[in-house]
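Engineer: Each chain, letter by letter, is given below.
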Amino acid sequence: MATSEVEAELHDLFVRGQAGDAAAYHAFLRRLGAHLRAFLARRLFGWPDEVEDLVQECLLAMHNQRHTYQPEQPLTAWVHAIARYKMIDLLRAKAAREDLHEPLDDELPVFAASLEEAGDARRDLAGLLETLPDRHRLPIVHVKLEGRSVAETAQLTGMSESAVKVGIHRGLKALAAKLGKVAT
Amino acid sequence: MKTDDLVALLAAQAQPVPRQAARRTLALAMLAALPVSFALMLAGYGLRPGLAASLVQQPMALVKLLAPAAIAIAGFLAVERLARPGVPPRRAWLGVLLPVLLLWSLGLLAWAEAPAAERPELLWGRTWRTCALSISWMALPVFVASLLALRSLAPTRPALAGAAAGTLASGTGAAVYALHCPEMAAPFLAVWYVLGMALPVAAGAWLGPRLLRW
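So the protein lines, in turn, are chains A and B. Each residue of the first sequence is one higher than the one before, starting from 4 at the first, in our numbering. Each residue of the second sequence is one higher than the one before, starting from 13 at the first, in our numbering.
Just chain A, with the same shape it has in the complex:
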C-alpha cells in the first residue's frame, strides 16, 4: 500500500479515535504498532531486543500525548517526530551506559539475542504495573485486563467512577514515566 493511502486511513482512524470512537482507536493503535515495529526494527537492527520495548513506549507516549495532534497536520510527521524522539532517547541512554564498561569480549553479541524472542517485550509492563499505587493500578487491572466496566470496577474497589477514570488516566502517565526511567 502506498504511504499516502496509509496516511489517509490511519489519519481517519485516529481522528475518529480522538472523537471518542474506541473501535477506530483500537484499529489505529494496532496498525500504528505494526508500522512502528517495522520502522524501529530497521533502525535498531543492532538491538532486536529493544524493538518491542520501544514500540510499547512509543504507543504509550503517543496515547498520552494525543492531545498534541491536530487533524490538519500530517499524521506521518507527528508519529515520526515522537518515534524519533523516543529512539534517540534510548540510543543516548545506551551510549551513556556502554561508556561505563569496557566491551569484555567481541564475540559476546553472537549469543546475545535470538530471533524468536524478538516479538516479546523484554521489559515487563505488567511488572511495572505492579509498582503503581493501588488507586492507579486497580482501575487498570480491573477495567482493562479483566474487561470490567467502569461502574463494576467502582463497586469492586469502592472508588467513585470518576476516580476510576482518573486512576486509569494517571496510571498510564505514571507508567510512561516509569518506562522512561527504565530506559535510562
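Fair warning: there could be bad hints in the mix.
Lysine-lysine pairs mimicking DSS-like chemistry, simulated, CA-CA at most 27 Å apart [as the list claims (entries may be wrong)]: (1) B:Lys14 to A:Lys176; (2) B:Lys14 to A:Lys97; (3) A:Lys181 to B:Lys14; (4) A:Lys176 to A:Lys97; (5) A:Lys97 to A:Lys181; (6) B:Lys14 to A:Lys168; (7) A:Lys168 to A:Lys181.
Source of the hints: derived by calculation from the structure; they are not laboratory data. The structure presented is a predicted model; accordingly, all values stated were derived computationally and were not measured.
Based on these hints, arrange chain B on the given structure of chain A.
Structural biologist: Frame of chain A, contents of chain B only:
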C-alpha cells in the same frame, strides 16, 4: 505485557480529546502569568509618570512597548508549534529577529547622528545597571508558566522549545517593564533591552533539555 494487550488497554481510554490543546494550555498559562508580572512591576517599580502622554508624543516610547510585544507574539507562536511533535516553528523566528533588527538599526542611527559628547548618555542612560536584570525579573512569571505548560505538552526539540519559552517570557517581560522604564534613547534600548531579553532565552535553551523530557 504483550503489545496487543497494551493496545487494548490504551484503546479503552478513547475519551474525546480536547481540540487545540497546545494553544489553550499556553493561553491559560499566559492568562495566569501576565497579571503576576504586571503586579511585580507595579509593586517593585511603578508606572512611569506621564506614561499615557509619552505613548502619544514620543515614538520611542511606543517602539519600546511594541517591539517586545511583537517578540512575545512570535515567541508564543513558536512555543505553540514546538509543543507539538513534527510541527516546525517555520517563520516564527522572523517575528523575533525583525524587532531586534529594528531596535539595533534605530540605535545605530541615533548613535551616528548624535554629537560625540552626548553618546555616553544615550548608551548608558541612568538605569543600565538594573535594566537587563529587571526585564528578566519581569519575565520570570511567564517563563515559569510557559515551561510548566510545555511539560504537559510534547516538545521533541527541548532546547529549542525552552528557548522559545524564554523568548515569549522576554517579550512580555520587556513590554511590562517598558511601562515603568524612563529611558527613551534608542542606543540604550538596542543594548540593554536586547541583553535583558537574551538572558531568559539563554536560560530557556539551557533548561529545556533538563526540564522538558517526557
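Engineer: Decide, hint by hint, whether the structure agrees.
Structural biologist: Hints, verified against the model:
In summary, the hint linking Lys14 (chain B) to Lys176 (chain A) is supported, as the alpha carbons are separated by about 18 Å, within the 27 Å threshold. Of the supplied pair hints, the one linking Lys14 (chain B) and Lys97 (chain A) holds, its CA atoms being roughly 23 Å apart against a limit of 27 Å. A distance of roughly 17 Å separates the Cα atoms of Lys181 (chain A) and Lys14 (chain B); the hinted pair therefore holds under the 27 Å criterion. For the given pair, Lys176 (chain A) sits about 23 Å from Lys97 (chain A) by alpha-carbon distance, which is consistent with the 27 Å threshold.
For a cut-off of 27 Å, the pair hint linking Lys97 (chain A) to Lys181 (chain A) stands: about 17 Å separates their Cα positions. A distance of roughly 23 Å separates the Cα atoms of Lys14 (chain B) and Lys168 (chain A); the hinted pair therefore holds under the 27 Å criterion. For the proposed pair Lys168 (chain A) and Lys181 (chain A), the alpha carbon gap of about 20 Å is at most 27 Å, so the pair holds.
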